[in-house]
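Based on the provided sequences and hints, a complete structural model is requested.
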Amino acid sequence: MGLFSRKRKRLCGKTKTDMPEGLWIKCNGCQQLVYRAEFEENVGVCPSCNRHARIGARQRVELITDAGSFQERHGEIITADPLGFTVGEESYLNRAARAREQSGLNEALLTGMAQVGGFEAALGIMDASFMMGSMGGAVGEKFCRLVDDAITRQCPMIVFTASGGARMQEGGFALMQMAKTANAVRQLREARLPYIAVVTDPTTGGVWASFASLGDFIVAEPGAYVGFAGKRLIEGSLKIKVPEGFQTAEYQLKNGFVDAIVARHDMKDFLVRLLTCLVSNQKQSAV
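So the mapping is simple: this note's numbering equals the position in the sequence shown, first residue as 1, plus 11.
These are calculated hints, taken from the structure and not from any lab test.
A few of these clues could be false.
To be verified - Okay, derived cross-link-like pairs now, PhoX-like style, lysine-lysine, Cα gap no bigger than 25 Å in a straight line:
| hint | residue 1 | residue 2 |
| --- | --- | --- |
| 1 | K265 | K252 |
| 2 | K279 | K265 |
| 3 | K265 | K250 |
| 4 | K242 | K279 |
| 5 | K252 | K242 |
Claimed, not checked - Quick list of simulated restraints, FRET-style, between CB atoms:
| hint | residue 1 | residue 2 | range |
| --- | --- | --- | --- |
| 6 | V98 | E201 | 15 to 25 Å |
| 7 | K252 | C288 | 37 to 47 Å |
| 8 | I36 | R203 | 24 to 34 Å |
Virtual Cβ for every residue (Gly too), placed ideally from N, Cα, C.
Right, dumping it as structure tokens:
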């Protein structure tokens, strides 16, 4: 009986349950499993289908700016609660505080000064992880102060957008930021300073209808969701049928609303080439 009662030795050292969690992630584009380390090394771009996943503002700073050159500005500007807005048992201020804790950012727009390929630039980067990158009074104010920085320093301005639109918790105050930021862009143009808008997934609503679509040069990441209103809202309100993919960066490029589509890996080099042209033309115009 001893022969049959002995415990069998495992042929492999670990079972499936011993596998550490989080080694794989699922691409939202092709639905394939991707090794997390490879995905992160590829800066959030799927190696199978080239889908550009959303990344944080801090990570984008590292990708775009010269090492150690970014100096954050206006981080003291945070969300107010002009309407005393509450949903259920959670106030707007508590929701914003939770967003700050989860994202590590003070607001949906990170602003500062940086060097990009040796060019000084006023840099703004939106982060969809902060309340879906929505634009309220704080975002609008930070954008306008960044414009002031660009004018003071006489340097170009670059803004990366990622937003679901105006922040509903601030009502009309959020909608006012569309006119406020558009007027700030006008001031940049009067100062003859280049403004580059880079639209990433997603860029919608009031952000797309204001400063995101007003750049002297508008760049988009591949496959980015770009548009004002959703398909169901447009079809329901206007009683029309819209084409498939009409709110992608590729469709916007085809119809003239975007000037170029650039992969994330190539974005810094592209911006440097663009700045070389824009800044040199700016200097020639000033002579």
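Hints, verified against the model:
1. A hinted pair counts as satisfied when its Cα atoms are at most 25 Å apart, and K265 with K252 qualifies at roughly 19 Å.
2. Our distance criterion of 25 Å between C-alpha atoms is met by K279 and K265, whose separation comes to about 23 Å.
3. A distance of roughly 24 Å separates the Cα atoms of K265 and K250; the hinted pair therefore holds under the 25 Å criterion.
4. Our distance criterion of 25 Å between C-alpha atoms is broken by K242 and K279, whose separation comes to about 32 Å.
5. Under the criterion of a C-alpha separation no larger than 25 Å, the hint pairing K252 with K242 is consistent with the structure, at around 9 Å.
6. Separated by about 41 Å at the C-beta atoms, V98 and E201 break the suggested range of 15 to 25 Å.
7. The beta-carbon spacing between K252 and C288, approximately 40 Å, falls within the hinted interval of 37 to 47 Å.
8. For I36 and R203, the Cβ-Cβ distance of about 45 Å falls outside the hinted range of 24 to 34 Å, so the restraint is violated.
Of the hints listed earlier, those the structure fails to meet are numbers 4, 6 and 8, in rising order.
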